[in-house]
Amino acid sequence: MPPQPPEPMRLPNRIPGRESALAAVIVVMVAALGLRWPQFATLSSLRDVLDDTAILILLALGQMLVIVTRCIDLSVAANVALSGMIVAQLEQSHPSLPILVLMIFGMLAGSVFGAVNGLLVWLVRVPSIVATLGTMAMFRGIVYLISAGRWINSDQLSPQFQQEIRDTWLGLSMLSWLAIAGVALIALLLRYTNAGRRLYLAGGNPAAAAYVGVQVGRSQFNAFVLCGMLAGLCGYLWVARFAVAYTDIASGFELQVIAACVIGGVSIRGGSGTVAGVLLGCVFLGIVRNALPLVGISPFWQMAVNGLVIVGAAMLNEQASAEQPRRILEPDAK
Amino acid sequence: MNRIHHIAMRALRWESILGAAILVVLIVNTLTSPYFLNAQTLADATFNFTEKGLVALPMALLMIAGDIDISVAAIMALCSIAMGYGALAGWPPSALVMASLAVGIGCGACNGWLVTVCRVPALVATIGTMSLFRGIAYGVLGDQALKNYPRGFEFFGQGYVAGLFSLELVLLIVAALLSATLLHQTVIGRRIYAIGANNVAARMSGIAVNGYRFWLFAATGAASGLASVLLTSRLSSTRPTLAAGWELEIITIVILGGVSVNGGRGTIPGVMLAAILLGLLTFGLGMHNIPGIVMSMIIGILLITIVAIPNLTSRLAAFRDSTIDRS
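Protein chains in written order, with my numbering: chain A, 1 to 334; chain B, 1001 to 1327.
Take the hints with a grain of salt, since some may be wrong.
For each label pair, taking beta carbons as the anchor points, the in silico distance ranges come out as [claimed, not checked]: (1) Gly1142/B - Gln39/A: 22 to 32 Å; (2) Ala1318/B - Ala32/A: 58 to 68 Å; (3) Gln162/A - Val1028/B: 42 to 52 Å; (4) Leu292/A - Phe1155/B: 35 to 45 Å; (5) Gly312/A - Met1204/B: 30 to 40 Å; (6) Ser1322/B - Gly312/A: 46 to 56 Å; (7) Ile1309/B - Arg166/A: 44 to 54 Å.
Facing chain A, according to a computed beta carbon distance under 8 Å, are these residues of chain B, among others [unchecked claim]: (8) Arg1119; (9) Thr1129; (10) Met1297; (11) Leu1303.
The following residues of chain B were derived to be distant from chain A, with all beta-carbon distances above 12 Å [stated by the list, open to error]: (12) Gln1040; (13) Ala1045; (14) Phe1047; (15) Leu1146; (16) Ser1237; (17) Arg1320.
Just so you know, the hints here were simulated from the structure itself, not pulled from any lab data. A quick note: this is a predicted structure, and the numbers were derived from the prediction, not measured. A virtual CB, placed ideally from N, CA and C, is assigned to each residue, including glycine.
Modelling step: build the complete structure from the supplied sequences, incorporating the hints.
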């Protein structure tokens, strides 16, 4: 154990009320919707919400790791499109490959793209917003170039490729199980491994991290690679679930991913955020998305609702952190 | 004194690099296409950067002050929607322009309020409002388009003031002169640099930091409203996808122009040269039928390279120094 720093760090579980408040909001929302539309609060409907939210959960977990280290990854959705296209092309040319191999291949591809972001941030010191804004455009461009702008449709993908994630086990789809496994693994990583604790340290107080021998850039790199790996996995999942791969899949989805993190209480200033919060943030967005058509609001309004929720949650986050003592000379994070 | 001299030399050097790059692009465009080098084509080419340049100017001031606004393109879409519905209601062109500017300033003020009063980091605040503004545009218009613009409205985006100088180009030149004077010749400009370099020190030396930040956001919104008038008038139609992805290009122009993402550094001449360079480059690519997505890929690579090169060279220099120290 390294000696305790003189000033206690802002650790993620300082605000225990936050997750429970969000959970309460979700329960109230489901209950209210269930009273008016009883078919919404049924088990099978909620199972569909989980299935529908699984990809968002996996991506938001990766994004959280990056945001915890004071960075941001705007290229996740583009990474999903690129990894998804690569997996789809591999499937097309080698239909006999087992799904597990394709999945691992997608994760490897995604990690490589994540590593590009990570190296730019770590070794080249490009601010993460600039680096990932650039790679976002690059990844999409590469999808267009390798696919020559063509679509890969469901009839060009093997039925097994599309079916695997829909198979159910104990009542839940494989897609849902993957999200649950992701949640468990990331939670364990963050709580019980040194690499995971270092992410919080690197983001919470980079100067202190450097003093105790933690390489901040290296932690940021690790976060980007993990985020990319999850995006690569989601590339396969997205193509399999929606049975199509083309340049614009998941276009703009990075906003929902960031929204889920902000709603879940991950601070953009780094150093705080919990798996439980992110999971609840995703479920919240998933319920809103599935409830909108029920309430009779056009799906065209989905984006505006997301924006409103991001802004609202960010304002609440700032109020919560303003109550904590701040060092006078701490400059505002950008 | 030495340091100021050093910075001045460095800025000068950066702007000369941009100027040289513009020359190279001009030469390559001329050599690869027989249609490029004539007055009418060049006048057409200016439309490739006038609207983006107009937004890039206040964005440069905003980024020099250490903030950023990702929502500019979404604000443009929302302004265009306002004009589209105004046109449906039979408003004259002048009222449409007023409506667009009002919506733009409103959106910018909303960003400024979130950042200064609610203390939300600019990045999160404007990612949220980008989704909100663009989302309202989608929600209101869906997959429809508005096209019933009154006669005379087309002048803003298609009219020429004198010879080959379009109204758009004249507006951009005026805006650039105003911004350059404001940033480089007035106290306000010096304070903007001070805020970006160290906002705590700026606050403690009596600068109303949050006031400046708020008005810079409002100005960026106003410029987005003006750019939306020009673009909507040029296209004569409004769709929710208007100016999609422009935030990437506008921010690239500002960073390419030598403005530091961390604030405190950058010049208006640099930003203008970057706007011209990017405009001519994409115009040249367009002449060769390069699809838009490949163009944004090239812009993305350009953006990263521009930021990476000085970092890499300074790191290499530091590495060399450290090895010399050790030996």
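Quick rundown of the hints versus the structure:
1. Separated by about 26 Å at the C-beta atoms, glycine 1142/B and glutamine 39/A satisfy the suggested range of 22 to 32 Å.
2. Between alanine 1318/B and alanine 32/A the Cβ separation comes to about 59 Å, which falls inside the hinted range of 58 to 68 Å.
3. Checked against the hint of 42 to 52 Å, the pair glutamine 162/A and valine 1028/B passes, with Cβ atoms roughly 46 Å apart.
4. A C-beta distance of roughly 41 Å is found between leucine 292/A and phenylalanine 1155/B, which places it inside the suggested range of 35 to 45 Å.
5. With their beta carbons about 32 Å apart, glycine 312/A and methionine 1204/B fall inside the hinted range of 30 to 40 Å.
6. Between serine 1322/B and glycine 312/A the beta carbon distance is about 48 Å. The supplied range of 46 to 56 Å therefore holds.
7. The supplied range of 44 to 54 Å is met by isoleucine 1309/B and arginine 166/A, whose beta-carbon atoms lie about 48 Å from each other.
8. Satisfaction of the interface hint for arginine 1119/B is found here, the shortest Cβ-Cβ separation to chain A being roughly 5 Å, below the 8 Å cut-off.
9. For threonine 1129/B, the shortest C-beta to C-beta distance to chain A is roughly 6 Å, which falls under 8 Å, so the interface hint holds.
10. For methionine 1297/B, the shortest C-beta to C-beta distance to chain A is roughly 2 Å, which falls under 8 Å, so the interface hint holds.
11. This hint holds: leucine 1303/B has a C-beta 4 Å from the nearest C-beta of chain A, less than the 8 Å allowed.
12. The Cβ of glutamine 1040/B sits about 31 Å from the closest Cβ of chain A, beyond the 12 Å cut-off, so the non-interface label holds.
13. Every C-beta of chain A lies more than 12 Å from that of alanine 1045/B, the closest at about 22 Å, which supports listing it as non-interface.
14. The Cβ of phenylalanine 1047/B lies farther than 12 Å from every Cβ of chain A, with a closest approach of about 22 Å, so its non-interface assignment holds.
15. Interface exclusion of leucine 1146/B from chain A stands, the closest Cβ pair being 15 Å apart, more than 12 Å.
16. No Cβ of chain A comes within 12 Å of the Cβ of serine 1237/B; the nearest lies about 18 Å off, and the non-interface call holds.
17. Consistency note on arginine 1320/B: stated as away from chain A, and its beta-carbon is indeed over 12 Å from all of that chain's, at 16 Å minimum.
Violation of the numbered hints given earlier is absent; every hint is satisfied by the structure.
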